[in-house]
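Generate the whole structure from the sequences, applying the supplied hints.
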Amino acid sequence: MGRKNFLKRLFYLLFATVILSASMVYANGIKIEMTGTPAEGWEHLWRELMIDITVIGVVFAAVTIYLLITNRRKRPGDEGQGPKLSPLAAFGWVVIPIFVFMADDIYLAAESFELWGNYRNVPANALVINVEGYMWGWDVKYPEKIIITNELRVPAGRPIHIKLTSRDVVHSFFIPDFHVKWDAVKGRENYLWFYPKQVEAGEHVMTCTEFCGMLHSSMFGKVIVMPENEFNKWIEDNKPKGGNV
Amino acid sequence: MSEKIVEHELTWHTSYWPLIGSVGVLFLAPLAFAFYFVYKMPMMSIISLGIGAPLTIISIAGWVKEGIEDEHGYSEGHSVWAMPIFIVAEATLFVGFFAAYWALRLTAPVWPPAGTPHEMPFAIPLIMTAILLSSSVTIHMAEKHLEEETGNKGGFLKWLIITIILGAAFLSLSAYEWSELMHEGFNIKTNIYSSVFFPLTGFHGSHVLVGIAMFVCILIPALAGKISEPFVKSASIYWHFVDIVWLFVVSQVYFW
Amino acid sequence: MSVASQALTAQSKFSLKEWIFTTDHKRVAILYLIGSFAAFFVAGIMAMLMRTELATVGPTITSNPTNYNVWLYFHGAAMILGYQIPSLTGFFANYYVPLMIGAKDVAFPRLNALSVWLYWMGIVLALLTFVIPDPPDIMWTGYPPYSIITPGNTAFYTFTVLLIGFSSIAGGVNFLTTIIRMRAPGITWNKLNIFIWCTMAAFVMQVIFVPILGTAVTLLSFDKYLGTHFFDANAGGTPLIYENLFWFYSHPAVYVILLPGVGLIYEIVATFARNRVFNYKGVVYGGIWGTVLLSGVVWGHHIYVSAIPSWLALIITFTTLLISIPVGLLVIGIVGTLYKGSIEFKTPMLYAVGFMFLFLIGGLTGIPNAMSAIYIHIHGTQWITGHFHYVMAVSVTTAIIGGTYYVWPKMTGKMYNETLGKLGFWLFFIGVNITFSLTMWLGYKGWPRRYYDYSQFPQFQGTQQIITAGSYIIFLGALVTLITWIHSLIWGEKAPQNPWGSKSLEWTHAPTPPPPGNYPEPLKLSEDWHPYGYGK
Ligand code: HEA
Ligand code: HEA
Ligand code: CUA
Ligand SMILES: [Cu+2]
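First to last, the sequence lines map onto chains D, A and S.
Each residue of the first sequence is one higher than the last, beginning at 1 in my numbering.
Each residue of the second sequence is one higher than the last, beginning at 1 in my numbering.
Each residue of the third sequence is one higher than the last, beginning at 1 in my numbering.
You can trust all of the hints, since none of them are fake.
Negatives, chain S to chain D, calculated, CB over 10 Å:
| no. | residue |
| --- | --- |
| 1 | Gly-227 |
| 2 | Val-254 |
| 3 | Thr-463 |
| 4 | Thr-508 |
20 Å max Cα-Cα, derived SDA-like pairs, lysine to any residue:
| no. | chain 1 | residue 1 | chain 2 | residue 2 |
| --- | --- | --- | --- | --- |
| 5 | D | Lys-186 | D | Gly-213 |
| 6 | S | Lys-346 | D | Tyr-66 |
| 7 | D | Lys-163 | S | Ile-303 |
Rather than coming from a laboratory, the hints here were simulated on the basis of the structure.
Cβ coordinates follow ideal geometry from the N, Cα and C atoms, glycine included.
Structure, rendered in structure tokens:
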């Protein structure tokens with residue numbers, strides 16, 4: 001293959017890179033604004049990401065399959081005739097992939113940063129609840145001095161700010177349905193927040209995802225999302241009665 | 001000549017010492033430690049040491065003998081290349097320790113933490129530094145004598161022995177200092193500073209010990225007239241490295 | 001050649017002494033091979049026990065969760081430290097490096113023997129897990145404070161790591177010196193086999209990073225048994241120090257595993273496509289060394305939710321995503337080598353093809369993990385288990401088994417049965433895809449890792465049973481492979497010198513199997529010799 005041919009190819013590839021990068025930047029620009037809850041942001045980004053990696057995977061797999069089929073050995077003595085790359089072509093086959101992959105990486109990183117910001121900035125009006133992990137259970141403590149174990153009752157329609165600590169080893173607090181998780185470490189106060197919507201009223205699983213010993217898998221409880229008024233009533237009913245605080 | 005090489009390559013080379021040494025190490029370290037600290041069986045621990053220590057020492061001795069006599073014709077002076085690579089590994093070992101140390105120290109509300117003696121030793125570490133630095137010079141002198149045209153063996157031996165003595169003096173001072181501190185109630189369990197102080201100085205001390213052991217392994221055959229120059233050179237590179245690490249230890253753990 | 005056959009007949013009688021005290025790199029390699037496949041077998045059996053236990057909600061074959069935890073601990077630690085790293089940087093490195101660079105042995109044969117036996121002592125120590133009281137139950141990551149307060153024997157974990165770690169460092173010193181100093185005349189840097197480059201890269205990482213792991217696990221035992229306070233929150237320490245040190249090694253470790261595996265795939269693909277490696281320099285300097293360069297700055301992606309600062313999480317997200325670039329170059333190199341090739345699908349090539357697809361799945365599922373925000377949900381779930389089984393357990397195992405098939409004739413002097421070999425592959429391939437794709441799916445649904453029981457997720461039981469069935473198919477596949485090899489050892493035909501028609505030195509110049517000293521005559525390589533010099 002002549003040098004000129006290669007230059008031509010190099011040009012096409014470069015051109016493709018520019019188009020690809022441009023469309024990614026464009027896609028980034030028109031992306032719907034992420035004003036929702038972290039959980040919504042997560043689901044949105046997850047979907048995008050699955051499409052992204054599926055496309056990459058399918059492209060690579062398709063090329064591989066095509067090459068495997070078309071280049072089978074015809075006669076026993078045959079040898080391959082792979083191209084000897086010119087320095088320029090060799091360079092191109094490194095630099096162009098770098099640009100294409102980097103474009104995708106930058107795009108994904110930017111998306112991730114934004115969502116991370118959402119996860120880590122707790123809205124000011126959030127309801128604060130303390131959760132303490134221990135071997136093996138969760139103590140949930142409300143500002144009204146209610147303490148319950150393995151049951152997290154929260155009002156629907158309000159951001160919930162969980163302050164996490166641990167009494168002993170490292171645990172990790174996880175509510176799959178709200179896509180939130182954070183480690184509970186002794187001697188530190190960590191936090192996370194989530195937003196249970198009205199439609200999510202009902203029971204959800206909360207569980208431990210950091211190995212913490214024999215009954216690690218039994219360290220779970222329920223998140224019970226209640227309508228706001230029911231929740232307030234529950235607080236009132238369970239508040240320690242004055243005097244014995 | 002070529003006849004000889006061919007004949008030589010007709011046999012599979014063997015050496016007893018790697019396997020014996022490995023078994024020795026298994027008894028010496030993991031088993032003895034676990035018997036003592038995990039299962040609280042001191043007697044078993046001593047038995048384990050009794051098996052492990054002789055095996056390890058025999059293996060080292062046999063290994064050195066084989067190496068110096070070079071019956072396999074392995075030696076081609078690769079060790080001066082290998083030692084720097086090994087030193088990279090040793091260096092990152094200390095980097096790990098120092099990283100842990102600074103992470104503890106920079107997040108501590110007060111430093112030094114409660115329980116540390118008001119007066120940490122001052123003179124002794126300075127003397128120790130002086131000793132170790134001069135031992136680097138003496139081993140260099142030893143090497144110089146070996147490199148001379150004629151190979152001044154007497155000079156080499158003299159400076160090698162002085163280096164060994166300086167190393168031993170360093171270790172003795174370190175032991176003395178440890179015992180003083182422990183008398184004052186400052187031991188490995190006291191606080192996060194002592195948690196770093198003893199392991200780090202002890203760890204460095206163990207390197208000094210290894211260095212001395214290497215010198216002894218050079219000295220004994222040398223007395224019988226057998227010297228492997230690349231081996232001397234690598235040991236000396238190692239010794240300089242141990243010296244440099246000490247400068248980090250002493251500056252950051254004692255005086256900073 | 002006559003010298004060689006003389007050597008062979010002289011040496012064909014079996015002598016135990018010449019095996020266990022050997023310092024010859026080919027025999028040391030085989031000692032590694034035996035050790036690492038033994039570890040694979042035992043750790044695989046642990047996996048089968050775990051999978052069987054998970055087939056039903058609640059107790060299935062044991063009612064004591066600690067049993068499950070010990071199996072899992074052993075499975076993870078032995079698969080990584082006992083099977084894959086020693087197989088790649090022990091067996092393959094030992095077998096290939098001196099042969100491929102035209103040397104008669106490694107630089108320090110005795111040190112090499114010490115490496116293999118220290119590794120074996122590590123295996124012995126690990127196997128003691130099954131007989132001692134209070135075996136370690138701390139997972140392969142050994143996080144404090146749990147590993148400190150558990151009654152389990154954390155000291156054995158520490159010492160297993162230290163023994164195998166020291167063995168690795170000795171190996172690193174040995175092989176780096178060998179590759180730098182002992183290449184035969186005419187084998188210049190740009191004429192090294194890709195596998196040699198990968199081995200070099202792996203050992204560079206081992207030498208730099210293993211000591212950090214050594215520090216971490218040593219401090220663990222200090223805290224537990226000597227009373228220091230590194231990870232003790234009561235006295236001002238913090239477990240985060242351990243987590244950082246541990247991953248500072250254990251992330252590069254995954255490339256210590258990946259790169260030699262990829263190197264084997266390159267050898268196989270180049271040989272069976274009879275083709276020059278596509279863009280050799282790009283693969284070596286961009287792909288391999290690019291990976292090494294980035295490997296040290298991404299450790300934080302294992303601890304995003306363990307309270308590392310947000311700015312660090314953001315940087316690490318980016319650096320981790322960037323790893324897709326050098327690894328992508330490696331993939332392009334493999335795929336490109338097929339272009340205009342002349343491909344023959346013998347068993348090793350089948351495994352290499354399997355690798356290409358499995359690795360693509362595994363690598364691409366690492367991308368979500370890398371993104372700190374996405375990670376929040378999937379961390380600590382079986383999604384991660386799926387990711388690393390695809391990318392490490394399964395891909396690299398295909399590389400290892402394929403690579404073993406590839407050296408098999410050279411090493412044993414026997415051919416194997418193609419049909420049996422291919423059957424083993426297909427069982428394995430089908431089994432792993434059933435098992436680990438569904439594992440991943442469950443993780444996405446929120447099923448956490450390291451769960452003995454899942455009574456909070458009873459709806460998963462059906463899927464769990466399919467996964468378990470899949471793992472039995474994997475077992476069957478491995479068993480068929482083992483049978484193929486045993487069959488070959490006993491009934492295999494005599495292998496020709498170069499059954500694959502490779503251009504690489506070990507096939508063209510060394511007798512099969514190679515005698516002591518490898519090359520009977522001094523090597524004379526022509527100016528335009530190249531290990532991938534096909535189709536001129
Ligand atoms: C051989 C082993 C191996 C390899 C190669 C990898 C490769 C990668 N791994 Fe994986 N990983 C593990 C073994 C491995 N991993 C293990 C054992 C764990 C769990 C440890 C434990 O907790 O027990 C783990 C966990 C793990 C985590 C932590 C998850 C958690 O604890 O919750 C993360 C997070 O970022 C991660 C990411 C990655 C990435 C980004 C790569 C990348 O290197 C992948 C790069 C490859 C590709 C991307 C595909 C090919 C490239 C292309 C086709 C180019 C185009 C692609 C793009 C532009 C995207 N891995
Ligand atoms: C190289 C690494 C490796 C390999 C190969 C495997 C292989 C397998 N793993 Fe492993 N796994 C890990 C590394 C690996 N794993 C790690 C690091 C963890 C995390 C540990 C932790 O959390 O701390 C883990 C965790 C893990 C879990 C998660 C458990 C939990 O979180 O609760 C599960 C569950 O399904 C699992 C299953 C399997 C299965 C079914 C296989 C099967 O593929 C195994 C099949 C193999 C065999 C059954 C052996 C058969 C062999 C023969 C018959 C002999 C033949 C010999 C030759 C061919 C030479 N593994
Ligand atoms: Cu708490 Cu796991
Ligand atoms: Cu990683």
